[in-house]
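Protein chains: 2
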Amino acid sequence: MQKGKASIQFECPPWITAAGSIAGKKEGEGPLGALFDRTKEDDRMGKDNWEEAESYLQKEAAGLAMKKAGLSPQDIRYLFGGDLLGQLIATSFGLMEFEIPLFGLYGACSTMGEAMSLAAMTVGGGFADRCIALASSHFATAEKQFRFPLGYGNQRPYSATWTATGCGAVVIEKEKAAGGKTKGEKMAKITGITTGKIVDFGLKDSMNMGAAMAPAAFHTIWQNFQDFGWDQDHFDRIITGDLGTVGQKILLDLLRKEGYDLRQQHMDCGIELYDGMKQDTHAGGSGCGCSAITLCAMILPKLKTGEWKRVLFVPTGALLSTVSFNEGRSVPGIAHGVILEHIEEEKREWNT
Amino acid sequence: MQKGKASIQFECPPWITAAGSIAGKKEGEGPLGALFDRTKEDDRMGKDNWEEAESYLQKEAAGLAMKKAGLSPQDIRYLFGGDLLGQLIATSFGLMEFEIPLFGLYGACSTMGEAMSLAAMTVGGGFADRCIALASSHFATAEKQFRFPLGYGNQRPYSATWTATGCGAVVIEKEKAAGGKTKGEKMAKITGITTGKIVDFGLKDSMNMGAAMAPAAFHTIWQNFQDFGWDQDHFDRIITGDLGTVGQKILLDLLRKEGYDLRQQHMDCGIELYDGMKQDTHAGGSGCGCSAITLCAMILPKLKTGEWKRVLFVPTGALLSTVSFNEGRSVPGIAHGVILEHIEEEKREWNT
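Just so you know, the protein sequences line up as chains A and B, in that order.
So for the first sequence, the numbering used here puts the first residue at 1161; every next one is plus one.
So for the second sequence, the numbering used here puts the first residue at 1161; every next one is plus one.
A couple of the hints might just be wrong.
Stated by the list, open to error - Sample of chain A residues facing chain B (criterion: CB under 8 Å; computed from the structure): (1) P1191; (2) L1255; (3) P1261; (4) G1267; (5) A1288.
If you're looking for bench data, these hints aren't it; they were derived computationally from the structure.
Beta carbons are placed, not taken as given, at the ideal position from N, Cα and C, and that holds for glycine.
The task is simple: from the sequences and hints, build the whole structure.
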């Protein structure tokens, strides 16, 4: 059902029945380290180059999600995925051998929100029983592409974020798609989405992505409140993707001006992922893998147990490109909101 | 309704009610020149750089499509768009001021098929009354990014294609979304889609994209035939995006081996767009703008009049990246099929 300008409320909410996460060494040493399905000591993943390493992350995360749900690639109708690299090479090469029809997506670090939104619409509209949504990033492929080669050893300002190495993948199923086939769990249901527009506050600092994305996160959260007629108290948590400490402050300020106080509910995957003081990550984590692995490893498990009943998950993207950046253009942002809810045990039959 | 492994048949087929096309100088001088809504003498479009010129194409094409349908940006629920550039900068900067929620897509030159597929599912699933799907490319932004700076003046082999400068945009509406509001025409209905997977035959020549894409086009067309249980005779035309003369030959050969003879039905937007002998475009046109503007300027008008009753439109993409290419990787392909049908005049009321 269409709600307001940019939101949808699903009459039959699709279920997330499995989540796979794989992360790099630094992420494994952070506060969420123990929660990932797998962490790798070697960020090259034994591959010849960083891009192949990121492709490996995609393949592994999708494989883990399928395995947990007891599914094979033939059971998945569509893949919705993306990464930060030009022409999505991590996705293309990583997912090729599954031979599943693919929708390639680019929403910068908001890609996990975009992928989940489109997968949920596809399942909710009856066009698929099971899809996978996933997104990855890799510190080395991203720094090489967007900023400096790692060997250059440039200094990073305190506003800079650290691109996460990792990939998170979720299986999104029609509620009754089980049919005895899936062994997936009732991790959460997607009850609605709010799709972001491009928001540009004119910021031009490639070392301060948090500030570039905060206005987009603000707009999507604000739009969600308008479209559904609720406020922050509707949610246990409102979780942005990778604003970091600098972007978080701007987001809370922008929302306060509109009369919303999110200090109780707001959480940011980029802030959760690392111990900024000990791990030298400055403002926090970033990259589309950051929100994807935090979702899979921390957010969904808490929704599953019911510790959180309702979460607004808002991956945030900064549309940075070296080409537009070098031509003096600003860095616009975009953020896609996904409403996740706990699935009550008693209300539904499952695997009967 | 799900059909077979990778296809959907829409129970309420969304309608294409308007199409806007804008093209560059060379495209304007080609065989389809008179059919475009607008052609520009200056490929820089009066802008400071090529990327801004391509953004201008996106803005103009979307604006033209909305104007023809008598709609304003507020009437459009979602945009589905993309281009060939890293981080989709032509799309981000071109569509920003419409303030419409955006799904950024990357399917190389297959993006128009991907955008139409997702927009049709969104409308068909009841999640939007009106969407716009669009894709653009620009010769200068693409050559600069993928191959050589134009000033270098490198020689192009005969297998090379010429990236089209242009953007095509279509308004996709729920059949009855009119509600007295739209002034759009009954251009065609989208009765089904077949979504492509990544197909890699190991080709490594960045100057022969047609050969890289042909196996993907083959697979999507073959899959369409399997999923629906029909063959080439079901269609008046089966129109690929930008295989060019080299890719066309490979496609026809691959299909013949499976028992399908498409010589009567096959057409390729890249072959139609230029006069290869006179315009020095070698194997044909390419780029996601190539199939998008050919769709808007030639294919949809013929479907509207009923000259063609049924068309399988299959934009084809080569997942070329300078990074993966320089690392010695192959160029995989992907192709997304969209089934377009003539809307019979007598069956429906319209604008009553």
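Hint by hint, here is what the structure shows:
no.	hint	in the structure
1	P1191	violated, 30 Å
2	L1255	holds, 7 Å
3	P1261	holds, 4 Å
4	G1267	holds, 5 Å
5	A1288	holds, 7 Å
When the structure is compared with the earlier hints, a violation turns up for hint 1 alone.
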